[in-house]
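Peer 1: So you can see what is in the structure, the chains are spelled out below.
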Amino acid sequence: MSSSVEAITVLSSDGDEFKITVSAAKLSKPLNWMLEDVCFSDDCDEVPTIEVNSKTLVKVIEYCEKHAPRANSGASDSDAEELKKWDIEFMKMDVKDILFHILMAANYLHMEGLYDLACQTAADLMKGMTVSQIRKIFHIKNDFSSEEQEQLRRQHPGCSFD
Amino acid sequence: MKMDGAAPFLPEEIIRNILKRLPVKSLTRFRCVCKDWKNLFKSPSFIADHLHHSNRQNPSLLFQPYREGQYISQLYVLDRGMQVRELPSVPLFGASRFRVVGSSYGLLCVEIDVQGIYPPPLLLFNPATRDVIKLPRTVDDFKCECYLGFGFSPIVNDYKIVRTYAEPKDCIYRVEVYSLSTGSWDDDEYYQMQMPGAIFFADAITANGSMFWIGLQLDLDTDEDETDLDMDGEKTRVIFSFDIASEEFDCVPIPALGNNSLYQLMVYEDKLAILSHVKDAELSCMFDLWVMEEHMDASDRKRRSWTKIFSSTCSAVGYWVPSIFWRGELVYNVCELPGLVGETKCEAENGLSTAFMLLNISTGEVKIFKTRSCGDRRARIFNYEESLVPVGKIPIKEPSS
Chain A
1 MSSSVEAITV LSSDGDEFKI TVSAAKLSKP LNWMLEDVCF SDDCDEVPTI
51 EVNSKTLVKV IEYCEKHAPR ANSGASDSDA EELKKWDIEF MKMDVKDILF
101 HILMAANYLH MEGLYDLACQ TAADLMKGMT VSQIRKIFHI KNDFSSEEQE
151 QLRRQHPGCS FD
Chain B
1 MKMDGAAPFL PEEIIRNILK RLPVKSLTRF RCVCKDWKNL FKSPSFIADH
51 LHHSNRQNPS LLFQPYREGQ YISQLYVLDR GMQVRELPSV PLFGASRFRV
101 VGSSYGLLCV EIDVQGIYPP PLLLFNPATR DVIKLPRTVD DFKCECYLGF
151 GFSPIVNDYK IVRTYAEPKD CIYRVEVYSL STGSWDDDEY YQMQMPGAIF
201 FADAITANGS MFWIGLQLDL DTDEDETDLD MDGEKTRVIF SFDIASEEFD
251 CVPIPALGNN SLYQLMVYED KLAILSHVKD AELSCMFDLW VMEEHMDASD
301 RKRRSWTKIF SSTCSAVGYW VPSIFWRGEL VYNVCELPGL VGETKCEAEN
351 GLSTAFMLLN ISTGEVKIFK TRSCGDRRAR IFNYEESLVP VGKIPIKEPS
401 S
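Chains A and B, in that order, are what the protein sequence lines are.
With UniProt numbering applied, the first sequence covers 1 to 162.
With UniProt numbering applied, the second sequence covers 1 to 401.
By construction, these hints were calculated from the structure, which means they are not laboratory data.
Incorrect hints may have been included.
What the hints assert, rightly or not - Residues of chain B clear of chain A, computed beta-carbon distances all greater than 10 Å: (1) Phe9; (2) Glu13; (3) Asn17; (4) Ser276.
Claimed, not checked - In silico DSS-like links for lysine-lysine, alpha-carbon gap of 25 Å or less: (5) A:Lys127 / B:Lys271; (6) A:Lys127 / B:Lys25; (7) A:Lys127 / B:Lys20; (8) A:Lys84 / B:Lys20; (9) B:Lys42 / A:Lys136; (10) A:Lys141 / A:Lys92; (11) A:Lys127 / B:Lys42; (12) A:Lys85 / A:Lys141; (13) A:Lys55 / A:Lys29; (14) B:Lys38 / A:Lys136; (15) B:Lys42 / A:Lys92; (16) B:Lys367 / A:Lys141; (17) B:Lys38 / A:Lys127; (18) A:Lys141 / B:Lys20; (19) A:Lys141 / B:Lys302; (20) A:Lys136 / B:Lys308; (21) A:Lys136 / B:Lys370; (22) B:Lys308 / A:Lys141; (23) A:Lys136 / B:Lys35; (24) B:Lys271 / A:Lys85; (25) A:Lys141 / B:Lys38.
For each residue, glycine too, the CB sits at the ideal point set by N, CA and C.
If we strip away everything but chain A, and leave its shape as in the complex, we get (with noise of 0.2 Å):
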């Protein structure tokens, strides 16, 4: 492989195979290192793996394509509108099921601009939320004891364990 090569094949932690183009790659800086080690490295047969499932790393690649023309050259004001409108629309999709992977994703692919998105999309959902839904969301167990919320219902009227 050459350093002319335009996309990279990697796989996913299922083992299912994507390609990336080489501007896409360079959203994040742990798949551009991986990018220059294929590209500069003797062994070429080896397909660096992501450790990202597949379904979380589609919309990931998608992410990386579409900003990469900007991020790469930067672009007008107009563009920067379209790609927040993109945004918005990019999260309200199918993602919010797999918003936590994304998160997780951004967060390991050091992509700033997706984990601030993600961030920003979870804490707008988690707004309509109750409690419960967050602590099942969040995986999280409810170790207030009985006195505790007796206590805490009494300094804060109205406010809700469930």
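Given the coordinates of chain A, work out where chain B should sit on it, guided by the hints.
Peer 2: Just chain B now, kept in the frame of chain A:
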């Protein structure tokens, strides 16, 4: 969120990053999730993260209406979505009314009107958490002129209040500084020594970790006759500054403004700014916006310089006096002027018509935002962003008078 058991466990760092983006209202609800979260929301580091995040967002516009000769005892905010909502009422500790002195990083400094007590007692109030503290009193029943300053400095992570004392139209002879972190007033001659011959005219404006007052600098060495000043004499006007972190007063000269121009101190992009405006005959207004840049010189002294960053003429705003910059636009409180507010014609409500006018000074574009609540133009208007910052738990008792 359609999340079943398949949702992964998120590391604490990611959870914190999500939580810091939540409004105080949600965080207050979610302290019942578990003990860790309850404690997290009280930890100084999380409060600082949340504040920092909140501060980078667009602030809301907080206002206290003024009607029929007095401040209305109710606060409102105009939020990012241009919705007006009431804020929780300020605990008055038996007083009849209050006036907001300043708003900084989620806290308000409020003066309460208790009959017979001067200077008015002060409160620090967090409208988002409803946390309030009444500041200890240092002086009771004192006939003098007091001017205040209130602000936060990220350098020392502390909120401070400055109160100056002077006989009417005379020099300041006493200065007190309150620090939220110590919870006490520091009354030190040191402050006063830093600015002999200073006269203030109004409460301070706070920008970039310093408070600023417009005032006069008297030359104390000259004879009394000569110091009999023309209070409006432009030449002797200066800006006094107080660095919240270093607690040093300083004097900042006012740039050479055009003749006949009115000017006022403002905050523009967290820098001290002077907006000078000259009306012409057709209700249009010529603006100059000066911004003060601060930097440290080689000997680590603060250097300040003024740059005129903007000049323009905007039509149809000349009648009014702007209040503050909010999200880069000038806010005017327009009122009692039925028919003058462009084509929108404020409805006369109780004989009052009120609206905010937002002026984009670079494009000249004007937006009118009608609201019943803003009262007349003496309304107190501030930028406000909500925070979890505590002001203390036990309110200090009223002094027995």
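Peer 1: Does each hint fit the structure? Answer for all of them.
Peer 2: Going through the hints against the structure:
1. Phe9: 6 Å, violated
2. Glu13: For Glu13 of chain B, whose nearest Cβ neighbour in chain A is about 8 Å away, the distance does not exceed 10 Å, so it is violated.
3. Asn17: 5 Å, violated
4. Ser276: 30 Å, holds
5. A:Lys127 / B:Lys271: 34 Å, violated
6. A:Lys127 / B:Lys25: 9 Å, holds
7. A:Lys127 / B:Lys20: 12 Å, holds
8. A:Lys84 / B:Lys20: Since the Cα atoms of Lys84 of chain A and Lys20 of chain B sit roughly 21 Å apart, the hinted pair holds (cutoff 25 Å).
9. B:Lys42 / A:Lys136: 23 Å, holds
10. A:Lys141 / A:Lys92: 29 Å, violated
11. A:Lys127 / B:Lys42: 19 Å, holds
12. A:Lys85 / A:Lys141: 37 Å, violated
13. A:Lys55 / A:Lys29: 21 Å, holds
14. B:Lys38 / A:Lys136: 17 Å, holds
15. B:Lys42 / A:Lys92: 33 Å, violated
16. B:Lys367 / A:Lys141: Cα-Cα ~50 Å, so violated.
17. B:Lys38 / A:Lys127: Distance of about 17 Å is within 25 Å: holds.
18. A:Lys141 / B:Lys20: 21 Å, holds
19. A:Lys141 / B:Lys302: 53 Å, violated
20. A:Lys136 / B:Lys308: 56 Å, violated
21. A:Lys136 / B:Lys370: 44 Å, violated
22. B:Lys308 / A:Lys141: Roughly 58 Å between the alpha carbons, so the hint for Lys308 of chain B and Lys141 of chain A is violated.
23. A:Lys136 / B:Lys35: Status holds; Cα separation ~16 Å.
24. B:Lys271 / A:Lys85: 32 Å, violated
25. A:Lys141 / B:Lys38: The given pair, whose Cα atoms are some 13 Å apart, holds under the 25 Å limit.
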